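Take 0 as the starting number for the sequence shown in numbering that gives the first Met the number 0 and just add one per residue.
A few of these clues could be false.
Restraint ranges, calculated between C-beta atoms of paired labels, are given here [claimed, not checked]:
hint	residue 1	residue 2	range
1	LEU28	LEU134	34 to 42 Å
2	ARG112	ASP38	24 to 32 Å
3	LEU134	GLY40	33 to 41 Å
4	GLU117	GLY40	24 to 32 Å
5	ALA164	SER143	16 to 24 Å
6	HIS39	GLN95	35 to 43 Å
7	ALA121	LEU81	26 to 34 Å
Read the hints as simulated data drawn from the structure, not as lab findings. Remember, it's a predicted structure, so these values are computed and weren't measured experimentally. Note that CB positions come from ideal geometry on N, CA and C, so glycine has one too.
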Amino acid sequence: MATLNLNGRDVSLPYDPRTTLLDFLHQHLSLFGTKKGCDHGQCGACTVIADGKRINACLVFAFQLEGAEVTTIEGIGEGESLHPLQKAFIERDAFQCGYCTSGQICSGVSLLREMKNEDPSAVTYSQTRHSKASLKEDISERMSGNLCRCGAYPNIVDAITDVIALERQ
Numbered sequence: 000m001a002t003l004n005l006n007g008r009d010v011s012l013p014y015d016p017r018t019t020l021l022d023f024l025h026q027h028l029s030l031f032g033t034k035k036g037c038d039h040g041q042c043g044a045c046t047v048i049a050d051g052k053r054i055n056a057c058l059v060f061a062f063q064l065e066g067a068e069v070t071t072i073e074g075i076g077e078g079e080s081l082h083p084l085q086k087a088f089i090e091r092d093a094f095q096c097g098y099c100t101s102g103q104i105c106s107g108v109s110l111l112r113e114m115k116n117e118d119p120s121a122v123t124y125s126q127t128r129h130s131k132a133s134l135k136e137d138i139s140e141r142m143s144g145n146l147c148r149c150g151a152y153p154n155i156v157d158a159i160t161d162v163i164a165l166e167r168q
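Can you make the complete structure from the sequences, with help from the hints?
Shown next, in the form of structure tokens:
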């Protein structure tokens, strides 16, 4: 039987190869934290982490992740403890309606890993010696795949900046 590791536990994959990861989470596992927004990979509401990289759950079939480690918003924290980014979102009021928040947080957690690994973004890759992007510009570019219709972008960037500052201490 084909499985994937979801939030630290092995789950059997659906038999129907047409089942997207997003539909698998909703219809088979009753995990509704990952949101269905556009269903075309354009809004980022369905962002989850697969093998350490952020992906849009609406664009990948569940069977493609056989053997992978997948983390949804339900698996971001440690037990009852919130992840530092979740705490920062609350402290910075980095959400309004909350619909995009789970995707924003999953994307932000991946962003933190990318920055720790010094993976370049489009902004940092195209920098010249005379033009260095600010941290906030880099974060904004890295988060550009996640839309917020309420316009909480400044607070989202501030929340991520806060966690980066904590990690550097």
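How the hints compare with the structure:
Distance hint check: the CB atoms of LEU28 and LEU134 are about 36 Å apart, consistent with the given range 34 to 42 Å. With their beta carbons about 26 Å apart, ARG112 and ASP38 fall inside the hinted range of 24 to 32 Å. At about 27 Å, the CB distance of LEU134 to GLY40 disagrees with the hint of 33 to 41 Å. Look at GLU117 against GLY40: about 27 Å separates their beta carbons, and that is inside 24 to 32 Å.
At roughly 22 Å, the beta carbons of ALA164 and SER143 sit within the given window of 16 to 24 Å. Checked against the given bound of 35 to 43 Å, the beta carbons of HIS39 and GLN95, roughly 23 Å apart, lie outside it. The hinted range of 26 to 34 Å is satisfied by ALA121 and LEU81, whose Cβ atoms lie roughly 30 Å apart.
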